[in-house]
Amino acid sequence: MNVSSRRFANAVVLRVEGRLDQDTCVAFTTDLMKSVDTAAAEGGAVVLDLSGLEYISSAGLRCFMLASRQAKSQHAKIAVAALQPMVAEIFQISHFNLVFQVFPTVREALGAVSADAAAAFDKG
Amino acid sequence: MRVRFWGTRGSIPVALTAADVRDKLAQALVQASGKVFNSYEEAHAYASSELDFNLTHTFGGHTPCVEIEIPGEEYYACDLGSGARPFGVHILAKQARKPATINVFMSHVHWDHIMGFPLFGPAYVSGTKIRIHGCHEVLEHAFRKQHSAPCFPVEWEQLGASIEFVKLEAGKPFVINGMTVTPHLQLHGGDSYGYRFEHEGKVVVYTTDSEHKLEDRAEAEKFAAFFRDADLVIFDAMYALAEAISVKADWGHSSNIVGVELCQMAHAKHLVLFHHEPANNDATLEGLLKEARRFEELTRGDQALKVSAAYDGLEIDL
Chain A
1 MNVSSRRFAN AVVLRVEGRL DQDTCVAFTT DLMKSVDTAA AEGGAVVLDL SGLEYISSAG
61 LRCFMLASRQ AKSQHAKIAV AALQPMVAEI FQISHFNLVF QVFPTVREAL GAVSADAAAA
121 FDKG
Chain B
1 MRVRFWGTRG SIPVALTAAD VRDKLAQALV QASGKVFNSY EEAHAYASSE LDFNLTHTFG
61 GHTPCVEIEI PGEEYYACDL GSGARPFGVH ILAKQARKPA TINVFMSHVH WDHIMGFPLF
121 GPAYVSGTKI RIHGCHEVLE HAFRKQHSAP CFPVEWEQLG ASIEFVKLEA GKPFVINGMT
181 VTPHLQLHGG DSYGYRFEHE GKVVVYTTDS EHKLEDRAEA EKFAAFFRDA DLVIFDAMYA
241 LAEAISVKAD WGHSSNIVGV ELCQMAHAKH LVLFHHEPAN NDATLEGLLK EARRFEELTR
301 GDQALKVSAA YDGLEIDL
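Residue numbers (the numbering used here), protein chains in the order written: chain A, 1 to 124; chain B, 1 to 318.
If you are wondering where the hints come from, they were derived from the structure by calculation, not from laboratory data. Be aware that a few hints might be false.
[To be verified] In silico negatives: residues of chain B with every beta carbon more than 10 Å from chain A:
hint, residue
1, L119
2, Q146
3, L168
4, F174
5, A240
6, E291
[As the list claims (entries may be wrong)] Listed below are the simulated DSS-like cross-link pairs for lysine-lysine, each with C-alpha atoms no more than 27 Å apart in a straight line:
hint, chain 1, residue 1, chain 2, residue 2
7, B, K248, A, K72
8, A, K72, B, K269
9, B, K248, B, K290
10, B, K94, B, K202
11, A, K34, B, K248
12, B, K35, B, K94
[Claimed, not checked] Each pair of labels, with its calculated beta carbon distance range:
hint, chain 1, residue 1, chain 2, residue 2, range
13, A, T30, B, E297, 54 to 62 Å
14, A, A88, B, A93, 18 to 26 Å
15, A, T30, B, A15, 45 to 53 Å
16, B, K290, A, T105, 24 to 32 Å
17, A, Q74, B, L185, 34 to 42 Å
Glycine included, C-beta positions come from ideal geometry on N, C-alpha and C.
Whole structure, please, built from the sequences with the hints as guidance.
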């Protein structure tokens, strides 16, 4: 699994590629929590770009739940975007679509969480 | 080997209300609008094949009691929730006044798992033998305490049956009448134990009131070994996954999704969702079943896993 991050104003976009399961969730959680800390420090947000995520298990979903809790406690925002059809279905099946804001694209997610970040994204 | 579900609900018994029955009936009438049925059989066939399960059935209301039937004279069951009352009626009818021998395996002694015993008919019949097996030190204490004032008017000593408590140890196989029973420690307030029943090549695993910590691979592998190649896994699927690992984390229960994942790891053949949340109505429970089945399809490896939801009265032959 690969994780890469980009900054757009006060938002961190974390792109996740590959499979997120019991084998990869511990390392991913560390990366994800750092991004939440960074976003929280600037009153911003984390957007998870899941366009490259092929599969997510319950252990992977738990990472998202931990991040959501931490973001909430630190007054940061978190959203997910660009889910592949299978991952989108797993989100629905596990009722994670009721916990997370889910957007079709990263741009739409940024627009919802931070106007500054969306503007920075548009500028490229 | 036959498995018969007498009680499938978690925490507390539930019953359909008059409004629930009326709503099911009204929805069925709307769906059948314009159709003509010339006999009860035609209407029955239509209801069985065309209408959703949640309109024609209910997942039921009794708390856990599951019978495991093998050839022979004795009875076997897991837990004595309120489902123990109809189980007792069944035994009395089948025995026709002949005293029975009943073997019970207790997951734990929380109230929903023992509440049926005061109304378990065979306990009042002289000559009946009841052996209650379990791993908890407090097993006998819990049953005796339930049968005492001011909670219940019949004292333990007034029961007609001969009742014996048999202490088991987690991980140590116990053989009874040719069936091997292996308890397995589970994560639940005050501990709970699952049981693996093996008889003549068939395997049933009863695993309720058991929370699974998803980040712990070693724990998952232990459970996969406990479930390994089981013909049937009766699994605590009280919540949807998001609920189980957020607001209801550490409540000692699991989800439909984790049930599918563990059974897939174990190459089990049939998963039965069990210990239904009392707040969920029949439509919600059917939704959780459909979601589990779809998740199994999406994540299937080289072996398909059958997924069902338990309801009071369900019988599964192995």
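Right, here's what the structure says about each hint:
1. L119: holds, 36 Å
2. Q146: holds, 36 Å
3. L168: The assertion about B/L168 holds, with a minimum of 30 Å to chain A.
4. F174: holds, 32 Å
5. A240: violated, 4 Å
6. E291: violated, 4 Å
7. B/K248 / A/K72: This hinted pair holds, its Cα atoms lying about 17 Å apart.
8. A/K72 / B/K269: violated, 40 Å
9. B/K248 / B/K290: holds, 22 Å
10. B/K94 / B/K202: With a Cα-Cα distance of about 25 Å, the restraint between B/K94 and B/K202 holds, given a limit of 27 Å.
11. A/K34 / B/K248: Satisfied, since the Cα-Cα distance of roughly 26 Å is no more than 27 Å.
12. B/K35 / B/K94: violated, 41 Å
13. A/T30 / B/E297: 54 to 62 Å: This hint is violated: roughly 32 Å between Cβ atoms.
14. A/A88 / B/A93: 18 to 26 Å: Because 51 Å falls outside the window, the suggested range is violated.
15. A/T30 / B/A15: 45 to 53 Å: At 49 Å between Cβs, range holds.
16. B/K290 / A/T105: 24 to 32 Å: Distance hint for B/K290, A/T105 holds at roughly 29 Å.
17. A/Q74 / B/L185: 34 to 42 Å: With a Cβ separation near 37 Å, A/Q74 and B/L185 satisfy 34 to 42 Å, so the hint holds.
The structure fails to meet hints 5, 6, 8, 12, 13, 14 from the earlier list, while all remaining hints are met.
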